[in-house]
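Colleague: Those protein sequence lines, which keep their order, are chains V and W.
Going by the UniProt record's numbering, the first residue of the first sequence is number 1, and it counts up by one from there.
Going by the UniProt record's numbering, the first residue of the second sequence is number 1, and it counts up by one from there.
If you're looking for bench data, these hints aren't it; they were derived computationally from the structure.
Don't take each hint at face value.
Quick list of in silico lysine-lysine cross-link-like pairs, PhoX-like style, CA-CA up to 25 Å [stated by the list, open to error]:
no., chain 1, residue 1, chain 2, residue 2
1, V, K78, W, K70
2, V, K151, V, K35
3, V, K35, V, K131
4, W, K165, W, K230
5, V, K131, W, K274
6, W, K165, V, K76
7, W, K230, V, K144
8, W, K161, V, K60
Chain V stretches covered by chain W per the calculated footprint, using a threshold of three residues with CB under 8 Å from any CB of chain W [stated by the list, open to error]:
no., stretch
9, 122-131
10, 134-142
Quick list of simulated restraints, FRET-style, between CB atoms [said to hold, decoys possible]:
no., chain 1, residue 1, chain 2, residue 2, range
11, W, F302, V, K52, 45 to 53 Å
12, W, F162, V, K52, 27 to 35 Å
13, W, T261, V, T174, 44 to 52 Å
14, W, D54, V, K170, 31 to 39 Å
15, V, K25, W, F162, 35 to 43 Å
Because the structure is a prediction, the values reported are computed rather than measured.
Don't be surprised by glycine CBs; every beta carbon is placed ideally from N, CA and C.
Listed below, chain by chain, are the residues.
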Amino acid sequence: MRYILAIALSVFVTSLSAQEKQFPKDETGKFIYYKVVDSLILSKTVLLERAKNFVVSTNKKTMKLESSTDTSILAKGKMIIDKTTLVAGHPSGEVSYDFVFEARAGKYRYWLTNFVFIPYQRDRYGNFVPKTTVGSPLEKSADKLNAGSWKDIQTSTYAKVAKFGDSFKKFLATDKKNSEPVKKETVSTKKW
Amino acid sequence: MKKFLTAIFAMASASCALAQETTTSPLEISGSVDTYFKYDFAKQPNIGTSFASDHNSVSLGMIDLVLKKKTGKASFVGELSFGPRGQEQSLIDASSGTSSFHIQNLYVNYDFTDQFSMTAGYMGTFIGYEVISPVGNFNYSTSYLFTNGPFQNAGIKATYKFSDKVSLMAGLFNDWNVYTATRGVSSIGGQLMVSPVEGWTAYINVLSGAGGGGYGTIADLTTAYQITDKFKLGLNAANYDINDDAGGYAGAALYPQYAFTDAVALGLRGEYFKYKNVGGVEGDKYTSVTLTANIKSGGLTFIPEVRLDHSGTKPFAKENGMAAPNAGQFSLAAVYAF
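Could you build the full structure based on these sequences and the hints that come with them?
Modeller: See below:
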């Protein structure tokens with residue numbers, strides 16, 4: 001019985017915390033998803049190459065590299081926000097964002113900000129397409145009539161961005177295209 | 001021809017093989033439900049709008065259910081509607097009582113490349129500004145251009161996307177609005193899409209072949225421009241000539257819309273419409289003004305609307321049944337999209 005109560009409580013707390021997860025704001029008042037990650041194994045150069053590969057190759061359909069230096073990358077991207085029920089749903093809109101990556105020795109940081117939402121509507125062929133070309137900043141406050149659905153969009157975006165962030169971290173840790181150069185061990189006959 | 005078909009088959013096979021490596025999207029389910037009340041100022045159905053036809057009645061539109069799935073490069077869309085809007089009010093043979101539903105879309109699509117795709121089946125028409133689904137229109141009542149044009153076209157079409165700003169579609173189609181061709185694959189159609197500046201999209205459409213009233217050609221311009229984040233302007237102009245001077249129509253409609261907030265928007269539809277002369281008999285001319293509000297809360301949209309129509313040939317009726325040049329109506333619709 002105790003176990004059941006504990007499980008029920010943990011499920012309740014998990015679902016509650018999942019519902020409440022929202023973006024924090026940066027100094028300018030914009031939503032931001034900001035992470036600093038320690039990476040002692042990989043060099044700065046490899047991290048940067050992998051981050052670039054993540055943008056221009058793995059996510060070439062949804063991201064566009066804007067600029068890069070020897071320590072940073074700036075890209076723009078967009079992601080589809082789904083209104084998903086238990087088994088099925090449909091896209092409710094797309095969120096465009098700015099993506100920044102910076103690498104240093106032993107660690108890197110990245111953040112997504114400048115989120116702009118464009119709602120989708122169903123066209124005459126049954127496909128979901130952008131309703132307008134003018135988007136709304138995600139941090140804006142909605143009027144009372146649409147406050148609930150706007151909060152759903154913010155929450156869905158956070159979940160999607162967090163998933164994106166996890167996949168980025170995983171990619172940086174595991175991408176095999178840009179690996180550390182393997183040091184060939186040679187046998188020295190001079191020292192013995 | 002054999003070489004051409006072999007090439008297409010080879011392309012399809014190669015693309016299918018590649019597609020197997022790509023991911024499958026979840027099944028998309030969406031749709032809408034709509035209901036309305038209309039009061040005609042002459043106390044009888046008067047204005048020839050396709051939907052919202054019942055006077056002084058809380059009446060049904062339809063329930064519309066859409067399924068879509070994409071696997072690799074292949075996808076399908078199936079859209080079924082149940083209710084007056086989707087049956088006898090938009091499907092010609094439903095009045096015979098043999099249909100209990102209407103297929104709005106039923107097609108398969110294959111993306112050979114990111115630029116080139118082919119679609120076959122029964123599809124919403126590419127002609128015109130307004131559509132059958134109440135979710136796709138700002139106004140609840142429909143224009144004369146919509147009512148007299150095609151609703152759906154069954155056929156096969158190829159679309160090539162030159163860029164995000166230009167695409168071209170060409171296809172072969174059955175006659176209008178039928179699941180089975182009555183005069184063979186008798187129409188040829190095309191659509192040029194251009195988007196000269198961000199927010200402005202224009203479609204130039206041509207459909208020639210068997211259609212409403214006989215063989216003819218319809219040329220259509222449908223365009224919309226989101227000028228600011230609050231103001232949008234739409235335009236539809238069309239000309240339909242049936243061969244041997246057997247009729248047709250011409251008209252234009254302007255759609256200015258202003259969003260006061262995310263929840264409240266106001267839109268006007270001003271339309272001029274004329275039936276073509278047949279055998280020396282002059283066709284009726286209509287002017288129509290429709291003022292519509294959209295009040296949104298989540299998936300629900302309330303659509304209050306006032307519409308005033310005029311025609312010099314007095315096709316309307318007064319309350320006492322006498323012919324009248326003017327007609328007016330008020331309607332309030334509720335549309336829920338999911």
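Colleague: Each of the hints needs a verdict: does it hold here or not?
Modeller: A quick look at each hint next to the structure:
{"no.": "1", "hint": "V:K78 x W:K70", "verdict": "20 Å, holds"}
{"no.": "2", "hint": "V:K151 x V:K35", "verdict": "23 Å, holds"}
{"no.": "3", "hint": "V:K35 x V:K131", "verdict": "32 Å, violated"}
{"no.": "4", "hint": "W:K165 x W:K230", "verdict": "23 Å, holds"}
{"no.": "5", "hint": "V:K131 x W:K274", "verdict": "31 Å, violated"}
{"no.": "6", "hint": "W:K165 x V:K76", "verdict": "20 Å, holds"}
{"no.": "7", "hint": "W:K230 x V:K144", "verdict": "19 Å, holds"}
{"no.": "8", "hint": "W:K161 x V:K60", "verdict": "18 Å, holds"}
{"no.": "9", "hint": "122-131", "verdict": "holds (count 7)"}
{"no.": "10", "hint": "134-142", "verdict": "holds (count 3)"}
{"no.": "11", "hint": "W:F302 x V:K52: 45 to 53 Å", "verdict": "50 Å, holds"}
{"no.": "12", "hint": "W:F162 x V:K52: 27 to 35 Å", "verdict": "29 Å, holds"}
{"no.": "13", "hint": "W:T261 x V:T174: 44 to 52 Å", "verdict": "47 Å, holds"}
{"no.": "14", "hint": "W:D54 x V:K170: 31 to 39 Å", "verdict": "58 Å, violated"}
{"no.": "15", "hint": "V:K25 x W:F162: 35 to 43 Å", "verdict": "41 Å, holds"}
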